[in-house]
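Peer 1: Single-letter residue listing:
Protein chains: 2
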Amino acid sequence: MTYKENAKNYMENYGLGIGDKIKVNKEDISYTGILLDRPEDADDGYLVIKLSSGYNIGVAIENTTAELIEKGEKPKIGFGETEIPHDDSKQNISIVSTGGTVSSVIDYRTGAVHPAFTASDLVKANPELLDYANYNVKALYNILSEDMKPEYWVKAAEEIANDISDGADGVVIAHGTDTMHYTSAALSFMLKTPVPIIITGAQRSSDRPSSDANINLIDSVIAAKSDLAEVCVCMHGSLNDEYTYLHKGTKVRKMHTSRRDTFRSINAQPIAKIQNRKVSINPEYNYTKRGANELELNTSIEEKVGFIKSFPGISKDYIEYHIDKGYKGLVIEGTGLGHVPNDLIDSFKRAQDENIPVIMTSQCLYGRVNMNVYSTGRNILDVGVISGIDMTPETTYVKLCWALGQSDDYAEVKEIMQTNVAGEFGEKSTIKDFLN
Amino acid sequence: MTYKENAKNYMENYGLGIGDKIKVNKEDISYTGILLDRPEDADDGYLVIKLSSGYNIGVAIENTTAELIEKGEKPKIGFGETEIPHDDSKQNISIVSTGGTVSSVIDYRTGAVHPAFTASDLVKANPELLDYANYNVKALYNILSEDMKPEYWVKAAEEIANDISDGADGVVIAHGTDTMHYTSAALSFMLKTPVPIIITGAQRSSDRPSSDANINLIDSVIAAKSDLAEVCVCMHGSLNDEYTYLHKGTKVRKMHTSRRDTFRSINAQPIAKIQNRKVSINPEYNYTKRGANELELNTSIEEKVGFIKSFPGISKDYIEYHIDKGYKGLVIEGTGLGHVPNDLIDSFKRAQDENIPVIMTSQCLYGRVNMNVYSTGRNILDVGVISGIDMTPETTYVKLCWALGQSDDYAEVKEIMQTNVAGEFGEKSTIKDFLN
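Chains A and B, in that order, are what the protein sequence lines are.
Our numbering applies: residue 1 is where the first sequence begins, and numbers increase by one.
Our numbering applies: residue 1 is where the second sequence begins, and numbers increase by one.
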């Protein structure tokens, strides 16, 4: 047990043990739930309680009284132990934690959130996980996802490939939400997988001291046990805990700063819905079945790729800067069907002359790039700019990093960008898949 | 009349005149509609026909036969004339054309679209407009909107202010869709208006030789005659021609590359719906009534503003470059609640030290920036970065250009950015206004 001093005394005073159902009474509010153990480095003076909703909250014990509602069973995972129980009848799921809110601890004193949980803490904080699988858990990083870098994608892909080689029946990656879709795209390009690879996280709104990691994690494990051998993002499908969606790793994007259902398939439908622990795959989606692919790992990437948003005041100097600085490729977030001010086109010509692929995407996010409609688009095509088709700008950026890792030949990179490597673009118009 | 040679001979041959209802028969398709006059500089060999849907199409006459269905009335506008009729009982609407698809002509030979119509051509191509108002039409620019620059916003605002001073009861701006929302935001900050200022355009999908300008223009005129004295965008509300929406000029964004209903209110509801030529204002929206404001024009802007999207491989050199190059302000499109890699924060500190305001927005687009939740956000706040609240990144960029035009003092710019100048941010959480 990691409770110390004040909290420990308080527990002894009221006869509370970890795993017990307890009630903590404040002046005008009371909390009832299962008393959990807490991370090693958390502040003293708080108890962590799992509410019946599955949310874990921290309750400051100052000026409270407590009561024991029901003595708990001995916790399955053995709080305070590092070993996770093993059951030969269950599948083996590897959980790789990279940090992020899903594996963070809130500092209940300041309200700020720090990445702090270890991967095994994830299981301890969500003991229902033990009903579904055996776990091999490891903490690869402990960072918030805004600090993910392309080199970390490589290490994560290698770790996942190792786990699959070692016999994992599925892999769950706990990840911060900010850049989860960049990482899911990177893993999609880097790995051909015989088993599901599911990326999940938690979206926590600032006004509630709770984590929505519970259902996302459990449903990710359900997905990781399924027949869907693809890289997917598993996150809330609505504002409540009713169901989650699996989104294709290359077709998904974080669309809201704080909602739990922030992740959305762009120019595509979700691959599957998970409700009541059951995966329902979209019947229109032709998925890759477990075991259909051999494991392949290809992590060669080029990190010197620029990512530029076009806007009315943009200067061609900004494109020139990237060329001068030795960037190997550029992704442009253009306007509309894939446009930039005509002023910039000379600089795209220079990029072409210097063997630097430039890929055009749209800041509209939805719909397809089509540079054949307007005179500007045709001028842009004339200087060798390559269409991002209906890929998100973020997936296009990740794909260009990967494509430039495969080849430094302009024509070959163009060929890769126009080949559907990991379902990253739709073959047909996606006009119906709008704001869904 | 501007038909010449082949087309003129063809019309004489079949006894067709402008304004007549005609039918053109091809081998396997026929078109019935009103024969329109055509722009001066268009190619020979095509007739322009207005279908009953309101769409104008170009029909190549080669290998066709034609028949006269019904002789037309003398066209109201006098085709071939430059004078537009005036009716003292109607309101006076100023139409300012800046170019874009709404005022473009398709080259029916190549399928490409060029900005070519003059503003009076707009009325000629949409004669129903004459039922609703008198028009003062002028072509301010003739460009596609990707070539709009901040200095053009200034000229447009000045022109609009002149028209209002000269007695216009409302102003309609015809504009390309790519950057329409940047311009609508700019006009919102630059103008306090006693009359409606309505920006409209057309979204043309590459696969159909038709323009959806008709209903957008007519509904814009209806809006310009209304009681809503604000800067609004008027565009299709659905895939068909059933209704249009009025969106607040600071809260709107192009969200699809090709759909007609591409413009969407972000973190807000549309202000009004226009159906069957009737404006229904959202009852929850507290609008500014006609005449409530005196006309005020404030076009001071700073054009040297950078607009940077954050991504996993971004280098702090991006920020340093903008500081070195003398940029006066930066807008960051961060991830999630408003984050960037911690590597960049030192450069934000340098920006602060050099009196360069940095404004944080989110590439999620939906939801509010909140840098108080995570440690990264707090670090970013500590170096003076200013929240973009729930403004779109594009509106934030435009607002910072304008704010830096009002003051070069950091504290004053911060004060302006946090003041709701033109309804650009919501006072409350907008969690419900998601993907609508």
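By construction, these hints were calculated from the structure, which means they are not laboratory data.
Heads up, some of the hints might be wrong.
Copies of the same chain look alike in the list, so a pair counts if it fits in one copy or across any two.
List time: in silico PhoX-like cross-link candidates among lysine-lysine, alpha-carbon distance up to 20 Å [to be verified]:
| # | residue 1 | residue 2 |
| --- | --- | --- |
| 1 | Lys50 | Lys21 |
| 2 | Lys278 | Lys192 |
| 3 | Lys273 | Lys325 |
| 4 | Lys50 | Lys90 |
| 5 | Lys316 | Lys149 |
| 6 | Lys192 | Lys155 |
| 7 | Lys4 | Lys428 |
| 8 | Lys273 | Lys90 |
| 9 | Lys21 | Lys289 |
Peer 1: None of the hints should be skipped; say for each whether it holds.
Peer 2: Hints versus structure:
{"no.": "1", "hint": "Lys50 to Lys21", "result": "within (9 Å within a copy, 74 Å between copies)"}
{"no.": "2", "hint": "Lys278 to Lys192", "result": "neither (25 Å within a copy, 56 Å between copies)"}
{"no.": "3", "hint": "Lys273 to Lys325", "result": "neither (45 Å within a copy, 49 Å between copies)"}
{"no.": "4", "hint": "Lys50 to Lys90", "result": "neither (25 Å within a copy, 68 Å between copies)"}
{"no.": "5", "hint": "Lys316 to Lys149", "result": "between (27 Å within a copy, 13 Å between copies)"}
{"no.": "6", "hint": "Lys192 to Lys155", "result": "within (16 Å within a copy, 55 Å between copies)"}
{"no.": "7", "hint": "Lys4 to Lys428", "result": "neither (60 Å within a copy, 40 Å between copies)"}
{"no.": "8", "hint": "Lys273 to Lys90", "result": "neither (23 Å within a copy, 56 Å between copies)"}
{"no.": "9", "hint": "Lys21 to Lys289", "result": "neither (42 Å within a copy, 59 Å between copies)"}
Of the numbered hints listed earlier, those contradicted by the structure are 2, 3, 4, 7, 8 and 9.
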